[in-house]
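Enquirer: One letter stands for each residue in the lines below.
There are 4 protein chains.
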Amino acid sequence: MGDMGRIPVGIVGASGYGGVQLVRLLMDHPRLELAYLGGESSAGKAFAELYPHLGHRVQQIIEPLDLEKIADRCQVVFLSLPNGLAYKMAPTLLEKGCKVLDLSADYRFSDLSTYTAWYGGDRDDQAIAETAVYGLPELYRDRIAEAQLVGCPGCYPTASLLGLSPLLKQGLVVPETAIIDAKSGTSGGGRQAKVGMLLAEADNTFAAYNVAGRHRHTPEIEQVCSDLAGHEVLIQFTPHLVPMVRGILATIYANLRDPGLVREDLLTIYNAFYRNAPWVRVLPSGTYPQTKWAAGTNLCYIGLEVDPRTDRVIVMSAIDNLMKGQAGQAIQCLNIMMGWDETLGLPQLAFYP
Amino acid sequence: MGDMGRIPVGIVGASGYGGVQLVRLLMDHPRLELAYLGGESSAGKAFAELYPHLGHRVQQIIEPLDLEKIADRCQVVFLSLPNGLAYKMAPTLLEKGCKVLDLSADYRFSDLSTYTAWYGGDRDDQAIAETAVYGLPELYRDRIAEAQLVGCPGCYPTASLLGLSPLLKQGLVVPETAIIDAKSGTSGGGRQAKVGMLLAEADNTFAAYNVAGRHRHTPEIEQVCSDLAGHEVLIQFTPHLVPMVRGILATIYANLRDPGLVREDLLTIYNAFYRNAPWVRVLPSGTYPQTKWAAGTNLCYIGLEVDPRTDRVIVMSAIDNLMKGQAGQAIQCLNIMMGWDETLGLPQLAFYP
Amino acid sequence: MGDMGRIPVGIVGASGYGGVQLVRLLMDHPRLELAYLGGESSAGKAFAELYPHLGHRVQQIIEPLDLEKIADRCQVVFLSLPNGLAYKMAPTLLEKGCKVLDLSADYRFSDLSTYTAWYGGDRDDQAIAETAVYGLPELYRDRIAEAQLVGCPGCYPTASLLGLSPLLKQGLVVPETAIIDAKSGTSGGGRQAKVGMLLAEADNTFAAYNVAGRHRHTPEIEQVCSDLAGHEVLIQFTPHLVPMVRGILATIYANLRDPGLVREDLLTIYNAFYRNAPWVRVLPSGTYPQTKWAAGTNLCYIGLEVDPRTDRVIVMSAIDNLMKGQAGQAIQCLNIMMGWDETLGLPQLAFYP
Amino acid sequence: MGDMGRIPVGIVGASGYGGVQLVRLLMDHPRLELAYLGGESSAGKAFAELYPHLGHRVQQIIEPLDLEKIADRCQVVFLSLPNGLAYKMAPTLLEKGCKVLDLSADYRFSDLSTYTAWYGGDRDDQAIAETAVYGLPELYRDRIAEAQLVGCPGCYPTASLLGLSPLLKQGLVVPETAIIDAKSGTSGGGRQAKVGMLLAEADNTFAAYNVAGRHRHTPEIEQVCSDLAGHEVLIQFTPHLVPMVRGILATIYANLRDPGLVREDLLTIYNAFYRNAPWVRVLPSGTYPQTKWAAGTNLCYIGLEVDPRTDRVIVMSAIDNLMKGQAGQAIQCLNIMMGWDETLGLPQLAFYP
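Which chain is which? The protein sequence lines are W, B, D and Y, in order. First residue of the first sequence: 1, per UniProt numbering; consecutive thereafter. First residue of the second sequence: 1, per UniProt numbering; consecutive thereafter. First residue of the third sequence: 1, per UniProt numbering; consecutive thereafter. First residue of the fourth sequence: 1, per UniProt numbering; consecutive thereafter.
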């Protein structure tokens, strides 16, 4: 297919980790082309100055933000900005006919009061927010296909919800018993200079943070779990920092309603649930996911066990936080919005070791 | 105090990580002196050949195992061997009047049928096994003081039990709801060459293993929890491997019996429980432990939160798996057995970062 | 292009890191298909048992070695075995018309006496060894194109020679002053279980090994340097182990013959030298390579400086030791042998961070 | 000895890595007591807020800088501040009779024009600067003993000079051929938040920086080398960043004047040179230093090889950059200034692994 068949795409927020993943993925996508790279503090710089290893493929200069210009040039815009900025830009872009995929939290909540309770600010764009679809294709593929505006999920919610959804959807566990003990590499903290994220601080150590429902991804997980369970559900969610760059593992515990279920039953159910989900791989019996199996891919690997002594199921769900947990999933959503195969242009084989 | 005041100590199993910690700690202990270093495969080698960085302080040659000779020379013997060997040596040493501290699993179980169910073999030394005291001083200090034979706890049980004990002892939580999601550095796997422990395999990744009660530390945790709760308790325990060398963090979840309890209540209870425990530090409100705060020390750091939304307590307990989780705790036990201050000769200040 | 256009390829030695890279790369190569996977100890196992993350794409069973069968099925065979095995298999395969690419040291030396001096054994296959071409395309592209047998370079020689060649070829430096201080991730040690390569041993530390010309890659570097310089050259080569999985950086020092040369002169010369080398990227003035820019790609990144105070040039050359340093380069050679574009099917964009 | 025998010590710049090492080391020193902890941005905070793991031993509040108060309370002051601040404080402290040990570059140069050429600013305190002694005890022990003002060496110079000094002092090598290829953990960059030092950026990668004599430690190394050689010497120095927290390895190359010297000759010379240096350990023949052997200790480990093929000596020198490379060495200097054993209160046994 020639370049005539390529869709022009813009990225706003080019310099962060979300931005560089998107740029990297666009280079290998057969139907997309990068038409605009926008940044605030980095405007005027060559992208290759920030990421020299892409210099042989990406010659673009980062441009200052100009919504008119973006909309003129692009059919699709990825917003990869700190929380609280996207909702000021998206309306203009939507009005001008662009499809918008937002990687921040701005469009993840159907009810804006939840958003403001956790992220602050005051917003009066409930109407637009309601048109946004939560960009988790394994649950909302059909709605994403119709969407003009997608709020891409957080990294923790992606790993957690893919691990937990079959259980909640089929009513196999008591939702209130669900505990998500999640562990993430430090790239989830972004490219901002923070003392706690220095290698000298974060290497050789392991700790929890935002314990007891204090992490902003909690309401996002609960929103979807409540949707699946059919009633409001509170989920125990604890994030931890792993001394590594990429990857999230969510270890999920829940009490089975039917203690007679064994591991193989649940694996069958999971395989059926994800039968048409090319980016979820349910592992064979007795195999547990390593986060690095997913590194650099858009895959989610799931393993599980049933503990007959405690009547609990333990699900392990592993993703690359910057791929399936962020930029890769955004491209997957766009593939669906465009009516393409949802695997198009996305990497599915990790390098090991 | 002169060397006349030093107690001669033997270490059997000098070449592994347990052995080298013990040797290292003995060098700084004011009342102990290394009188015998024994090994099987390494016999005849200078210890400094295995660990050149200790060469300026440790000139000993590793000797072949000879129980007579050990008992002649030593008042105290540390057995730091693979499981299933200590119980063949300890009786002779005990008979000859040595105090014995075993770092393996051989003497951790009051009921040998539990041991054989998890570790195999057939043993008929129930009588001796019953004289052994479980070497967790924060729970069994008085019995350790009287013991001639101590079975030192595993690393995971140490972190887990120190985090969970105040809750179980005081009846504050429903024991059956306790979930221990534990994470360990790879030194816990010992100095044996195993593919899965290669840096190339274990770095940049995170995974669970022995999920659903398959880890041999499970019965050890349950034995003590049952003792504390006053009835048999099953505990959900899941170990994970962290890409770092040292350290364990146990994140512990349990449902509060009294949902009115707040974080400060529990911190008060923990501080009281550990008032006389110099090696446990309960952290201030809102502070969570980093494993590297404990690295190279015999300390256990504990932080906790109550989640009023779910009525759960979340306890985080951090140790150095080779110190408080192994060799340091063995020395702490010996200090108690000798009637010394239990902090004697043990490091309490980590280097940071 | 249909599968009819794919060339059937065999891999002997499927279970090591060389093998898994080759398998992974074949999956994405548009003109190759995996027709045979052979192993000794792993024969009979599914490849996905060893590398579960590739299970959704690789269903092959590892077969026992049977040269007849391999030659029947494959036009091309990659030998990815410990040193000293390939030369016993290659003759049969060559005779039956296969192209053979050997990843071991067996066919890297034009003079077998050099091989046996460093690798031992006695070989009488000088005639076949002489037909082998050293598989460094940037220097020997034309000969590789004609070759039936390629001895693929070691990882250190690849990084070192790409950094040093323009200087030697143009006679810009005094060859005897060349010092190569090289640093490698631990995956270079392979998938064999060795104590020194355990994460617990190799993490948080840095050391040299095989100092003073004791590393087996020394004669390989010297063979090519002598070829380039036109006379026998001895090179100082020191390898070090970096606590990371992938990547080699070679820092190369040499005294300039003409002290008037400045950085920009040399960059111009390097750019010219590598004008037709799609897998070598000479970095802009003042930019030095990070090994992770090359991770998962077949690229070599080169940066350099001239020190006017000492009249030395310092060249930094970075590769992924398992890609351009091993499996990727083998595929690049095959592309050339088949008359295809040498970039075909090889990754050129790293994921960052 | 009672507390009456303890010397009151002040630390200015308490919050950085230099500060926390000093505080940590003071806690274990039998003759020093912490009398003042000063900081600018952190004034008013409890030290334990910054470093909770020391909370059980350090209850001090960080105080605002007040030179009068410091001099009133302290006999000795450690200045652990960014470059360019110490020289504004030291004169007052010296005048009031304090001994001053500066961990910055301010007092490392006998000739202030070298300082200003590399660090900028204009200073007119040449007279005071000339009274400062360069705090490398293995070379300047006698002068340190008499000093009131010590400029403590940088981390790279410490490792480099300890490795190179015996060769230069004895005239065994051609000074102009000396090349120092040095590798450091990232803690050398301090506790400032910098993007390049984030774990996400600096992990899994290896690179050089400040190549070709651009690093500020170059003139410091050259000053001492010139002193030892008896004439001005230019040294090739290249620093690299290792993905680890602590440790420096300097790999040093130089051409032997007498090609007949073998490894054992040089080891004898090194052992003699460091006979009275308790903090330098020359390793046995064939053993090379690991940086982690020195971690948490004040030791420098040295190994070496002679390459008879190239007539070069290769010296490897390993230290903990924050201990012998910074705070530990400062305490060692103070021990000497006070007339105490220079090993007093300093750790000499690393924890391994």
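None of these hints come from the bench; they were simulated from the model. The reader is advised that the hints may include incorrect statements.
Copies of the same chain look alike in the list, so a pair counts if it fits in one copy or across any two.
Quick list of in silico lysine to any residue cross-link-like pairs, SDA-like style, CA-CA up to 20 Å [claimed, not checked]:
1) K194 <-> T287
2) K88 <-> G121
3) K69 <-> G97
4) K169 <-> L261
5) K69 <-> S41
6) K45 <-> S285
7) K69 <-> G44
8) K96 <-> L172
9) K69 <-> I7
10) K194 <-> L50
11) K194 <-> S41
12) K69 <-> E232
13) K45 <-> L283
14) K45 <-> D111
15) K45 <-> G196
16) K194 <-> G16
17) K88 <-> Q148
18) K96 <-> D142
19) K69 <-> R309
20) K194 <-> P82
21) K169 <-> T116
22) K169 <-> E33
Enquirer: With reference to the structure, classify each hint as holding or not holding.
Expert: These are the hints, each one checked on the structure:
In this assembly of identical chains, K194 and T287 lie within 20 Å of each other by CA distance solely across copies; the values are 18 Å between and 36 Å within a copy. In this homomeric assembly, K88 and G121 come within 20 Å of each other (Cα to Cα) only inside a single copy, at 12 Å, whereas the closest approach across copies is 46 Å. In this homomeric assembly, K69 and G97 come within 20 Å of each other (Cα to Cα) only inside a single copy, at 13 Å, whereas the closest approach across copies is 60 Å. Proximity of K169 and L261 under a CA criterion of 20 Å is satisfied intra-copy only: 16 Å inside one chain copy versus 33 Å between copies.
For a Cα distance limit of 20 Å, the shortest separation of K69 from S41 inside one copy, 18 Å, qualifies, whereas the shortest one across copies, 44 Å, does not. Taking the shortest Cα distances, K45 and S285 sit within 20 Å of each other only across copies (16 Å), while inside one copy they are farther apart (50 Å). For the identical chains of this complex, K69 and G44 are intra-copy neighbours only, at 16 Å inside a copy versus 50 Å across copies, given an alpha-carbon limit of 20 Å. With identical chains, the CA atoms of K96 and L172 are never at most 20 Å apart, being 45 Å at best within one copy and 59 Å at best between copies.
Taking CA atoms no more than 20 Å apart as the test, K69 paired with I7 passes inside one copy only; the shortest distance there is 16 Å, against 48 Å between copies. Taking CA atoms no more than 20 Å apart as the test, K194 paired with L50 passes in both settings, with 18 Å inside one copy and 14 Å between copies. In this assembly of identical chains, the alpha carbons of K194 and S41 lie at most 20 Å apart whether taken from the same copy (18 Å) or from different copies (16 Å). Within a single copy, K69 and E232 get their C-alpha atoms no closer than 43 Å, and across copies no closer than 61 Å, so neither meets the 20 Å cut-off.
With identical chains, the CA atoms of K45 and L283 are at most 20 Å apart between copies only, with a shortest distance of 17 Å across copies and 44 Å within one. Taking identical chains as interchangeable, the C-alpha atoms of K45 and D111 are never at most 20 Å apart, the minima being 38 Å within one chain and 41 Å between chains. In the homo-oligomer, the alpha carbons of K45 and G196 lie at most 20 Å apart only across protomers (18 Å), although the nearest pairing inside one protomer, at 28 Å, exceeds that limit. Taking identical chains as interchangeable, the C-alpha atoms of K194 and G16 lie at most 20 Å apart whether they share a chain (14 Å) or sit on different chains (14 Å).
Proximity of K88 to Q148 under the C-alpha cut-off of 20 Å is restricted to the intra-copy arrangement: shortest distance 16 Å within a copy versus 62 Å between copies. When the C-alpha separation of K96 and D142 is checked against a cutoff of 20 Å, the pair qualifies neither within a copy, at 24 Å, nor between copies, at 55 Å. For the homomeric pair K69 and R309, neither the shortest alpha-carbon distance inside one copy (62 Å) nor that between copies (47 Å) is at most 20 Å. Taking the shortest Cα distances, K194 and P82 sit within 20 Å of each other both inside one copy (15 Å) and across copies (19 Å).
In this homomeric assembly, K169 and T116 never come within 20 Å of each other (Cα to Cα): the closest approach is 28 Å inside a single copy and 42 Å across copies. Taking identical chains as interchangeable, the C-alpha atoms of K169 and E33 are never at most 20 Å apart, the minima being 38 Å within one chain and 41 Å between chains.
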